[in-house]
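Using the sequences and the hints given, assemble the complete structure.
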Amino acid sequence: MNEELAAINEEYLATNEELAGSNQLLLRSNESLQRFSYVASHDLQEPLRKIQSFGDLVVNRYASKLGDGAEYLKRMQTAASRMSVLIDDLLTFSRISTYQEATTPVLLNDVLTQVLTDLELIIQETGATVNAAILPIVHGDQTQLNQLFQNLLSNALKFSSHDTIPAISITAEIKFANELPAHVIPTSRVAAYHRIDIADNGIGFDQKHVSRIFQVFQRLHGKNEFPGTGIGLAICERVVSNHGGAITARSQPGQGAVFSVYLPV
Numbered sequence: 000m001n002e003e004l005a006a007i008n009e010e011y012l013a014t015n016e017e018l019a020g021s022n023q024l025l026l027r028s029n030e031s032l033q034r035f036s037y038v039a040s041h042d043l044q045e046p047l048r049k050i051q052s053f054g055d056l057v058v059n060r061y062a063s064k065l066g067d068g069a070e071y072l073k074r075m076q077t078a079a080s081r082m083s084v085l086i087d088d089l090l091t092f093s094r095i096s097t098y099q100e101a102t103t104p105v106l107l108n109d110v111l112t113q114v115l116t117d118l119e120l121i122i123q124e125t126g127a128t129v130n131a132a133i134l135p136i137v138h139g140d141q142t143q144l145n146q147l148f149q150n151l152l153s154n155a156l157k158f159s160s161h162d163t164i165p166a167i168s169i170t171a172e173i174k175f176a177n178e179l180p181a182h183v184i185p186t187s188r189v190a191a192y193h194r195i196d197i198a199d200n201g202i203g204f205d206q207k208h209v210s211r212i213f214q215v216f217q218r219l220h221g222k223n224e225f226p227g228t229g230i231g232l233a234i235c236e237r238v239v240s241n242h243g244g245a246i247t248a249r250s251q252p253g254q255g256a257v258f259s260v261y262l263p264v
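Read left to right, the sequence shown gives residues 0 to 264 (numbering that gives the first Met the number 0).
Errors might be hidden in some of the hints.
[Unchecked claim] Subject to a maximum C-alpha distance of 27 Å in a straight line, what follows is the list of computed DSS-like cross-link-like pairs (lysine-lysine):
hint: 1; residue 1: K64; residue 2: K49
hint: 2; residue 1: K207; residue 2: K157
hint: 3; residue 1: K207; residue 2: K73
hint: 4; residue 1: K207; residue 2: K174
To be clear, the hints were calculated from the coordinates, so they are not data collected in a lab.
Have a look at this one:
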């Protein structure tokens with residue numbers, strides 16, 4: 000009996016040592032990501048700012064003498080701007096990857112109000128309509144949930160036909176765990192989830208690409224058709240996973256899309 004207890008105790012100690020080692024590796028990984036964040040936010044952005052600033056000076060002072068060179072300079076400026084946006088998106092994705100669980104009550108209607116304020120200009124320019132039901136209160140990180148709605152609504156506005164006025168509908172309901180579709184696998188298992196649907200009347204996409212669109216750098220359209228870095232939906236997926244939920248979408252080409260976010264009740 001004593002030998003069995005000793006063996007169990009030895010195995011327990013070994014397991015604890017293994018967990019401690021894993022925690023140290025995780026801490027080092029987070030520190031590496033934080034160092035990357037600093038480099039991305041300063042050391043990589045600073046040269047791009049100089050390229051854009053000096054480019055502006057050249058255009059302002061020597062535009063009449065550049066000839067065809069003005070077009071090349073414009074392309075350089077555009078490329079530098081795209082790179083700056085890409086770095087910002089990678090920085091956001093990196094920060095979300097080191098997310099620590101938060102349990103602050105967040106009113107999603109307040110989040111939506113802030114996002115609509117941020118998108119007010121493009122909503123006015125496109126004449127878009129956004130109809131939202133009363134949304135629930137969830138537990139989590141308000142900044143990340145803001146990024147979730149910002150990306151989903153921005154996409155709904157961006158991926159629309161030129162001859163169609165964007166129309167977005169946001170609804171919410173509670174789904175019990177046994178009612179979830181088989182392909183929806185939240186990162187936390189609870190009895191029930193808030194399902195929040197963001198539906199649009201945009202260009203849509205082929206349903207076979209639904210898993211691909213949530214991966215980093217995966218684009219279904221060329222950057223000349225629709226601007227972007229291909230990171231926005233990957234950020235959405237990471238935010239929802241951090242909050243114990245899941246995200247999926249359904250769509251058909253030319254018939255809009257519905258993004259469904261599942262968050263624990």
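In rising order, the numbers of the hints this structure does not comply with:
3
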